[in-house]
Amino acid sequence: MMLRSITAVLIIGSSATAADETSEPSVDLAALGEAPLRMDMDLGAWLVRVKGEGSNGGDTLQIGDDTDNSMDLGNLTALFRGELTISKDPWAVRVMGTHGSWNGTANLAAATTWGGRALLPGVDYDSSLDMSWLAFEGHWYPITLQGDGRRDTTEPIELLFGPHLGITWLDIDQSLAGVDNGASWWTVYGGAELSLDVDLRPFTSLVHGMSVDVGGSVGGTGSNGGLFYKVRGGLTLHVTPNFGATVGYRLMEYKNLTDGDWDISPSFPGLFIGLNVSF
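Sequential numbering from 1490 applies to the sequence shown in the numbering used here.
No lab work stands behind these hints: they were computed from the structure. Be aware that a few hints might be false.
[As the list claims (entries may be wrong)] With beta-carbon atoms standing in for the labels, derived distance ranges:
id: 1; residue 1: Ala-1534; residue 2: Leu-1623; range: 17 to 25 Å
id: 2; residue 1: Ala-1599; residue 2: Asp-1750; range: 13 to 21 Å
id: 3; residue 1: Asp-1555; residue 2: Arg-1690; range: 46 to 54 Å
id: 4; residue 1: Gly-1679; residue 2: Asp-1548; range: 33 to 41 Å
As the structure is a computational prediction, the values presented were derived from the model and not from experiment. Note that beta-carbon positions come from the ideal geometry of N, C-alpha and C, so glycine has one too.
Could you build the full structure based on these sequences and the hints that come with them?
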């Protein structure tokens, strides 16, 4: 009888141990399950007043600033801008694009030349600038300052930080006093971004959550160009998990983009207002 009891205890203990060993991996796999693919689109108006300077074989002229030697292209213009971010924590890729045109009437205080043509003071000259821009970025968020590092889970606060690398394509067509110039440039850059997600449902029923993204980048144009930098920041209020409103600031600035004697250093700063769609 004693032998039978001991044998029964050993069998039950072995079965329980085997069950624990079998169930343990499944618990870990559930906790460490792969994050789902997520897409975020920001579509809206980018309100840009172009700045900077340029020259074409003569004196340097301001692009948009209201000075005596200006191309008079500083009028505020609403550009369509789209941004698509595809993420699978902790990785993400982002594609951005925009296009805009500015027109003005240059009026100079001193005589100069532009592309071999003499420009005289007191004479109005037609001026225009057309810009197309695309950017591709790869993001990595290895540092979790708050939360579990996953945006698909429900955390009161999710705060992530990480680096990114990117490349831009910029195409500019400029005309001044009947002299037309146009070229395209590729630029490589790197930077970092801080991303904050806050669950607002415990505090209000009007919005689902809030997101704040702030980042900066510095790089250079490999051929016929110089320094490049950009700033991207914004706040999004999510009315539902899939829809929200975004307001933020975008800046991209290039130095000494050249094509022959044509040398232009444009800056595109402006407020961004748009619709956010997430799924």
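### Query
What hint numbers does the structure not satisfy?
As far as the earlier hints go, not one is violated by this structure.
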